[in-house]
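*Asks:* All chains should be built: construct the whole structure from the sequences, respecting the hints.
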Amino acid sequence: MQALNMEVPQVFIPFTPIPHGKDSPKMSDPKERFFRHFQADVTIIQDQIGDLATISAINGERKDCTDTILAGISRLNKEVIDAGDYIPAEQAIKGLTEKLNETMGKFKPKSRFQFKPRIQKPGTQQPAAADPRSFNPSGTTTTTTTTTTTTNTNTSTEQQSPAASSRSTTTDDPSKDYNAMLQADASPSSVVRRPSFSTAKSIAIRSQAGLRIALPASAAASTSSQASITDLDRCVVDMTAPTAAQPLAGLALQNVRRSVVVAGRVGGAVHITGVSDAVVVVAARQVRIHECRNVDLYLRCASHPIIEDCESMRFAPVVVGTDLLPEEEQQVPNQWDQVDDFKWLKTEPSPNWSVLPEDQRVPEAVWRDVLNNEDASATAEEILQKVGVLGTA
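Quick note on UniProt numbering: the sequence shown kicks off at 1 and runs consecutively.
Keep in mind the hints are simulated off the structure, nothing from the lab. No experiment lies behind these values; they were computed from the predicted model shown. Misleading hints may appear alongside valid ones.
With a cut-off of at most 27 Å between alpha-carbon atoms, the simulated DSS-like pairs for lysine-lysine come out as follows [to be verified]: (1) 63 to 94; (2) 94 to 346; (3) 346 to 78; (4) 78 to 386.
*Replies:* Next comes the structure, spelled out in structure tokens:
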């Protein structure tokens, strides 16, 4: 089988270099800030497209990642339209769209079954249906015309059974349905669910409610791909063990409510979308936050955190008790409080975020007790009450 060429072309958006370090100025020029943030998002999406080949198609994992990419491209396109005169960005979005459609086309299995037409003249060609997942930044579906030549093959031998068709789209050793296992009864000796993800290509936790989840160190085998946490309510997720030795390649948090997520270390970018009434703890290179409300973020971030369409966001540095970084990496400056509100272009400070007061931060002792598994008997609800996500009875 021919190897897929997953190399993604780099797109350069010009901007004026500025000095780094503690004396670096704030980006007061909206155009300058737009280009810098846009280039950062382009790089993130390029990395996500490149990771698609490593993500399993089983249980919807690749679809979740593809949906995240499509949402990112759509959001970038909207920002370019709002910016008006930032023309160089349009070509970058077009390149991302074309690369995603090309990549998804390589994953689409070739059909071995063809209907025999009632009347077909020799040499006549029939256009195939367009891939409905092809994305166009203008909001319309991209139609790609291909041709197929009908053959006189016996359809009774060519048509695959449903079981055979299913086998053709999976690996020889398909991944377990870890999310179904999470919903099963926990061990009688513990309320903590510990999915190993040892046979999965990536970590994907979704559609869970009221659970305390702690990933064991064996999940480190799946940290080289982008992880995703979606559609959680009243959950506590601790990912510090598998990311202690090797960080996640990237992370997408989406539609998380009334929960605590300690994501551990992320070597690339973190996208947080549609999260509300929650606490997130993470150490990452980049953090981009969209459409979130009433979230406390404990960050170690190597660049300026960026928020868009958010309100009531509070930021604090990562607490020592979560042990997210090895000592040598702690020398990198933490820019947790250098937040840029991309939708707030006025000179006065943005009203959408603030520094979390020290007397309102979760104490280090609480992090050590409930998130480092020293108290394995505490339920998700009890932990959420301790950190202030849920009110006490």
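*Asks:* If a hint holds in the structure, say so; if it does not, say that too.
*Replies:* We went through each hint and held it up to the structure:
no. : hint      : verdict
1   : 63 to 94  : holds (21 Å)
2   : 94 to 346 : violated (30 Å)
3   : 346 to 78 : holds (20 Å)
4   : 78 to 386 : violated (40 Å)
Violated hints, listed in ascending order, are 2, 4; each of the other numbered hints is respected by the structure.
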